[in-house]
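Residue numbers (full-length UniProt numbering), protein chains in the order written: chain A, 1 to 680; chain B, 1 to 680.
Any given hint might turn out to be false.
[Stated by the list, open to error] Here are the simulated distance ranges between beta carbons:
1) A:K425 to B:Q548: 30 to 38 Å
2) A:C666 to B:S626: 58 to 66 Å
3) B:D549 to A:F518: 44 to 52 Å
4) A:T174 to B:Q238: 42 to 50 Å
5) A:R512 to B:S32: 41 to 49 Å
6) B:G664 to A:C666: 22 to 30 Å
7) B:Q548 to A:F518: 52 to 60 Å
8) B:R311 to A:K425: 58 to 66 Å
Don't read these hints as lab results, they were simulated from the structure.
Note that this is a predicted model, so its numbers are computed, not measured.
Glycine included, C-beta positions come from ideal geometry on N, C-alpha and C.
2 protein chains.
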Amino acid sequence: MSRVVPGITPDAPAPSAISNRPEVKRDAHPFSRSQLEGLMTKRFFYIQAFEIYGGVGGLYDYGPTGAALQANIINQWRNHFIIEEEMLELDTTIMTLADVLKTSGHVDKFADWMCKDTKNGEIFRADHLVEGVLEARLEGDKQARAKEAGQAVAVPTEAAGDDKKSKKKKVKSTAVKLEDALVDEYTSTLAQIDNFDGKQLGELIRKYEIRSPESGNEVSEPIEFNLMFESSIGPTGQVKGYLRPETAQGHFVNFQRLLEFNNGRVPFASAQIGKSFRNEISPRAGLLRVREFTMAEIEHFVDPEDKNHERFEEVQSIKVPLLAKDVQESGKTDITVKTIGEAVSAGIIDNETLGYFIGRIYLFLVKIGIDATRLRFRQHMSNEMAHYASDCWDAEIHTSYGWIECVGCADRSAYDLSVHSKKTKKDLVVQKAHKEPKVYDKLVPTIVKKNIGPKFKKDAKIVEEAILEMDQKALADLQSKLKNGAAPLTMCTGQTFELTTDVVTVEMKTIRETVREFTPNVIEPSFGIGRIFYSLLEHSFWCREDDQDRGVLSLPPLVAPIKALIVPISSNEKLTPLVKQVSRKLRSAGVASRVDDSNASIGRRYARNDELGTPFACTLDFASLSKGTMTLRERDSTAQRIGAIDQVIEVIRQLCVGSLDWEGACKVLPEYSGQQDVDA
Amino acid sequence: MSRVVPGITPDAPAPSAISNRPEVKRDAHPFSRSQLEGLMTKRFFYIQAFEIYGGVGGLYDYGPTGAALQANIINQWRNHFIIEEEMLELDTTIMTLADVLKTSGHVDKFADWMCKDTKNGEIFRADHLVEGVLEARLEGDKQARAKEAGQAVAVPTEAAGDDKKSKKKKVKSTAVKLEDALVDEYTSTLAQIDNFDGKQLGELIRKYEIRSPESGNEVSEPIEFNLMFESSIGPTGQVKGYLRPETAQGHFVNFQRLLEFNNGRVPFASAQIGKSFRNEISPRAGLLRVREFTMAEIEHFVDPEDKNHERFEEVQSIKVPLLAKDVQESGKTDITVKTIGEAVSAGIIDNETLGYFIGRIYLFLVKIGIDATRLRFRQHMSNEMAHYASDCWDAEIHTSYGWIECVGCADRSAYDLSVHSKKTKKDLVVQKAHKEPKVYDKLVPTIVKKNIGPKFKKDAKIVEEAILEMDQKALADLQSKLKNGAAPLTMCTGQTFELTTDVVTVEMKTIRETVREFTPNVIEPSFGIGRIFYSLLEHSFWCREDDQDRGVLSLPPLVAPIKALIVPISSNEKLTPLVKQVSRKLRSAGVASRVDDSNASIGRRYARNDELGTPFACTLDFASLSKGTMTLRERDSTAQRIGAIDQVIEVIRQLCVGSLDWEGACKVLPEYSGQQDVDA
C-alpha cells in the first residue's frame with residue numbers, strides 16, 4: 001500500500017529566494033497566503049465545492065482558470081512521461097471491488113485514529129488533538145514566562161492566514177506556566193507525534209488529561225477510522241466496493257494483460273491519471289489535504305536482478321537536492337546537492353531506475369514552473385518505509401505550509417503482484433529465457449497419485465500441496481526419513497500424517513532450466529496533482545513593487561490557463577472584425593486566447609489578466625486598422641513590443657511552445673511606447 | 001434531471017453500407033460482434049474490471065489502446081467545443097452532497113423498478129423481466145405454430161453473440177401456442193414497455209403470471225431502486241453523499257461564479273469532462289450500459305428571450321438526418337435529411353442555439369470517424385420529455401445493438417437554476433441593461449414595518465412574504481378590498497390573516513426599469529463518451545476480403561491510439577540505432593508511434609497493428625541504412641510508398657494533422673513494391 005496522500009513534514013528553513021525568473025523585483029512584498037487565496041476565489045481558480053449549499057470540507061471545484069491550469073499540467077505530464085517514455089496508459093475504474101483492497105492491505109490499514117467528544121460528539125483526528133492541545137499548553141507556558149519576565153507577548157490570532165500551522169485547527173492558549181520537566185516531555189512527545197498508534201495516543205490523552213478543546217468534555221479512546229469511501233455495487237448490497245484510494249491497484253490487477261501487450265517483456269511501465277479518494281476525518285490546509293484528488297501514477301515493472309535503466313545516461317549529470325535518510329536519522333535537515341550519477345554510485349539512491357525517475361521528476365517539476373530552489377528529494381527513513389519497500393524518495397516542495405510531499409517515488413519490490421497472485425491464484429510473473437540453459441541438480445518429490453487418495457482420503461489434497469511446497473532442506477529431511485521407513489508430516493494446523501514410499505518418493509534429478517520465472521519488482525512514481533498545482537501557484541504569486549494589491553501569477557506559458565489576452569483599445573465597433581480575426585488566427589496557431597472587451601480601462605484589463613497568469617497580451621488599436629500592427633505585452637516585466645499582426649502571432653506561438661524566449665522575442669519585435677501603455 | 005445514460009431505442013432498419021471510406025472492399029464479411037469483442041480483449045482495448053478477481057458487471061478498465069483512443073476522442077472534443085467556442089471548463093467533484101441531488105430531483109426520481117425472486121433472492125429489472133418473459137412466450141408461440149404447419153424451426157441459441165437483444169438476458173422459450181388475442185396483447189404491451197411505472201409493471205406480472213425465469217419462483221412487487229451510489233462524507237455518517245450521476249449539477253451550483261467570470265454576461269457555456277456513475281441493477285450490453293462512465297457535458301446559458309446564436313450561419317447549411325417527433329408519433333421511423341437552417345425555420349428544431357449545437361455535434365461525430373450514414377438525430381416525443389424541457393434531440397448512432405443514444409441535446413429551460421435558487425435562496429439570475437429604460441405603471445404594495453410586527457407577531461414575516469409575492473391581479477384585488485376596510489389573506493396552510501391599511505397599502509406607481517433580471521435558460525449537449533467510443537469501434541471494424549480472421553480497425557489518424565508503427569525488417573543490430581532515430585524524430589513531430597521489433601514476421605506485425613487501428617507503418621530495411629529511405633504502408637489499402645526518411649516523417653505528420661490525405665501522400669511518395677511487401 002502506497003502512501004496515497006503524502007504527508008506534510010514539519011517546516012524547515014526556506015531556501016533562498018526565487019532565482020530562475022525574469023529580472024523583475026518579485027520580492028518587494030512578503031508572500032501572503034490569504035491574498036493568494038482571495039485571488040483564487042475571485043478569479044475562480046478553485047472554490048470549496050457546493051458553496052451555495054454551505055460547502056463541504058475537503059472537496060473543491062476547479063473553475064475555468066484552475067481547470068485549464070490543471071489540464072495543462074496533466075498534458076505536460078502525459079507528454080513528459082507517457083509519450084516520451086512510451087508508457088502503457090490505463091484508465092481503470094474508480095469504484096473498486098472490496099476484495100482487491102482487502103488484498104492490498106487498504107481495508108485493514110488505510111486508517112487514521114479518531115476520538116469523539118463524549119458529550120457533544122465532535123470528532124477529532126487523535127494525533128491532531130494531542131498535538132493541538134500540547135502546542136497550546138507550550139504556547140501558554142511561553143506567555144506566562146514572558147509575563148513573569150515583564151515582556152510584552154504577541155498573542156497569536158485565529159485570523160493569521162499565513163500561520164504555518166493552520167493545517168490544524170488552532171487550540172486557544174491561556175498563559176499557564178508549566179514545570180520545566182513537563183515542557184521537555186511535551187516537546188519530545190510532539191517531535192514523535194507521527195509515530196504513535198491508537199493505543200499510545202489514548203495513553204497520552206489520559207496521561208496529559210487532554211479534553212475536547214472547546215467544550216472541555218472528555219474524549220473517547222481513539223478508534224480506527226478507515227479512510228476509504230464505502231459503497232455497494234448493484235442492488236443486493238452483497239458486493240462491497242470502495243472508491244479507490246490510489247490508482248495503483250488498477251495497474252496491478254491488469255498486470256497479465258499489460259505484460260501480454262508488451263510481448264511478455266520487462267521492463268515496461270504503465271501509467272494512469274485519475275481521481276482518487278480519501279475520506280479525511282477533518283480536512284484542512286486547502287488543496288493539500290482533500291477528500292477527492294487527481295493523481296498521476298506510474299508503475300514501472302522491472303527484473304529484480306537488473307534495475308539498471310536504458311536511458312540512465314540522459315539523467316545522470318542532473319544535480320538534485322537530496323535529503324538522505326542517514327542525515328535525517330542524525331537529526332539534521334541539511335540538503336546535499338549531488339548528480340544522480342554520483343548518488344546512485346555512492347549507494348545513496350538504491351538503483352539506476354529509481355535514480356532515473358528522480359531525475360525525470362525533477363525535470364518535470366522545474367519545467368512546469370516549480371522553483372528549483374524550493375524543491376528537494378527526501379529519502380524515507382527506515383522506520384517510515386513499508387516493510388517490503390527497498391527505497392523511497394519524496395519530491396518535497398516548499399510552501400507557506402512547510403515542505404510538502406508532492407511526489408512519492410518508491411521501489412515497492414515484488415509486494416503488490418505477490419499478494420494479488422497469492423489471493424487469486426493467478427500467475428503474475430515474467431518468463432525470461434536464459435542466454436545459456438542453466439543446469440543443476442535438485443531434489444524432486446514424486447507423488448504416487450493412485451495411492452495417496454485412498455490413503456489420506458479427504459486430506460489427500462492438502463498433504464500433496466504440503467509436499468509440493470517443501471524446500472530443498474525439507475525434501476532432504478523427508479528423503480532420509482523415508483529411507484528409514486516413514487516420515488511424519490505435521491501441518492500448520494497441528495494435524496500429522498505419516499508419509500511412506502508408497503505415496504511419495506524423493507530423488508535427486510538434473511534440471512535443465514531454459515527459462516527463469518520471476519515476479520517483477522515495481523518502481524512507483526506517484527504524483528499528487530493538486531499539491532503540485534497549489535505549490536506552483538504559491539511559487540508563481542507575487543505583487544507589483546509599486547502596488548501590493550496588484551497580484552501577478554507568473555505561470556510559465558507552457559501551463560498558463562490562457563496564453564494570450566486580446567485587448568481592443570476601445571469598444572469602437574470598427575475594431576470588432578479585427579478582434580475576431582486575431583482570435584481566430586491565434587486559435588489556429590494553437591494558442592489559447594481570450595478577448596477582454598469589457599469597459600474597464602486597459603490598465604485594469606491588464607491587471608486582471610496578470611492575476612489569471614496570462615503571459616502575453618495583444619493590444620489592438622487604430623494603428624492596427626491603418627497599419628496592420630499589434631503590440632505585445634509581457635506579463636512579468638509589463639514591457640511592450642510592436643510588430644505586424646501575423647508576426648506577433650508567430651512570436652507568441654513560439655514563446656508558448658518554448659522555441660523562443662522573451663529575449664529572443666525582443667530581438668524580433670521593436671520596443672513600443674505609445675499612448676496605450678498605461679502600465680508605466 | 002437529465003437522462004444521464006441515454007437509452008437504447010428499438011432497432012430499426014440499418015442504413016445502407018458505409019460510404020465515406022477509402023476504396024477498399026470492407027463489406028466482404030458480415031459484421032461479427034463476437035469477433036470485435038475478441039479483438040478488444042486480445043489487444044487490450046478494454047476488459048471487464050477486476051478480471052483476475054472474477055470481474056464485476058458494468059465496470060470496465062481501458063487498456064493502453066483503449067485509453068489512448070479515449071484520450072484522443074476527448075482531446076478532439078476539447079478542441080472542437082471548449083477551445084473553438086471559448087467555453088469555460090470546469091472540474092467539479094464526483095462526490096456530491098446529497099442535498100444538491102435532492103434539489104435536482106435525482107434522490108427522488110433517478111430510479112429503476114426492480115423485483116426479487118421471492119425464494120432465491122435473484123434480482124431483476126422489472127421492465128426487463130416482463131419484456132424477456134413475454135418475448136420468450138411469443139417466440140414459443142411462433143415455434144409451436146411453425147411446428148403445426150410442419151415447418152423447420154430455427155431455435156435461437158444463447159451463444160449468438162450478434163443477437164440484437166443481448167442487452168437483456170435471454171429467457172428460454174418453449175414451443176407453446178398462444179391464443180391469437182393474447183399474442184396481440186403481448187405485442188401491444190411490449191411496444192409500450194418503457195411507459196409503465198412500478199405499479200403497472202406489478203399488475204402485468206400478476207396478470208400474465210410472470211415468474212422468475214430460471215427458478216420458476218414467484219417474484220415480489222416491483223420496488224424502486226435508486227441508481228446512485230451512496231456514501232458518507234467524513235466520519236460522523238451525518239453528511240450523506242452520492243457519486244454524481246451526471247456532471248451537470250457541478251455547473252449549476254457554480255453558476256454565479258461562472259457568470260461573474262464571464263463579466264456578468266450571457267450567453268456563455270461551461271463544459272466538463274469527467275466520470276459519472278449509475279448503479280445499474282443488472283448491467284449488460286458491454287460498454288453501452290455501465291456503472292461508471294466518462295461524460296462530456298456542456299451547459300450553454302442563454303437569455304430565454306433570445307435563443308439566436310452568433311455563429312448560426314456557420315452551421316445552417318449542414319444537412320442532418322432528422323427523425324422528428326411528429327413522424328414518430330405517427331408510428332414511423334423515416335429519416336428526413338434537412339439543413340439545420342431549414343429545420344429551424346420550419347420550427348422542427350425549436351431555436352437557433354439548439355440547431356447550432358446539433359450541427360456542431362454532427363461535425364464532431366463525423367470528424368472522429370462515425371459513419372455519417374449510420375447517424376441520426378431523434379427528437380423526443382412529448383411524453384418522453386421532462387415537463388420543463390422545451391425541445392430535446394438525441395444523436396443516435398446505429399450499431400449491432402440497434403440505434404444507440406450517444407448524445408443528448410436538450411433545451412432544459414430555466415428548470416435547474418430555478419430549483420437550486422429556490423432551495424438555497426441565492427439569486428441565480430442575470431441582469432441585463434435595457435437599451436432604453438422601460439417605463440410602465442405597476443401596482444406596488446408598501447408594508448408599514450412598524451405596525452406589521454406588533455400586529456401579527458411571530459407570523460409577521462410570512463404575512464409580509466405572502467404580500468410581496470402577490471402578482472398584479474392579487475394586488476388589484478387587495479387594493480380594492482382595502483378600500484372597503486379590510487382584506488382577508490389566506491395562506492396555503494389554511495391560516496387566514498386580516499389585512500388593513502395600517503399594515504399595508506397598495507398604489508399604482510410608474511416604474512422606470514433600466515435592468516431586466518432573468519433566470520437564463522440552459523441548452524445542454526451531453527455526450528456519453530463510452531458509447532461513442534464503442535460505436536466508433538463497430539463502425540471502424542471490418543475483415544480483409546481474403547481472410548475473415550484478419551480484422552482491421554479503420555480508425556481515422558486523428559483518433560487512432562498509435563499513429564505510426566515502426567518495423568525493422570529484421571532483428572539485425574545494425575538497424576537498432578536507425579529505429580531509435582526514427583522513433584525520436586516521429587516523437588518530436590508530435591506523432592505517437594510504437595516500435596514492433598518482435599520476432600514475428602513482417603506480415604504478422606502489420607496484421608497486429610491493423611487490429612490496433614494504426615494507420616501507418618514505417619518499415620526500415622537495409623536500403624534504409626545504405627540509401628536513407630523508408631517505406632510507408634497505409635493500413636486500409638496495404639499500399640506501400642517509399643521516400644527519404646525525413647520526407648516520409650513529414651508526410652506522416654501531415655496525414656495525422658489532416659493537412660494531407662492519402663491521395664496527396666501518393667503524389668509526394670512513389671510506389672514501392674520491394675521484397676518486404678508481404679501483404680500481397
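* Run the structure past the numbered hints and jot down the numbers of the failing ones, going up. => Hints 2, 3, 4, 6, 7 not satisfied by this model.
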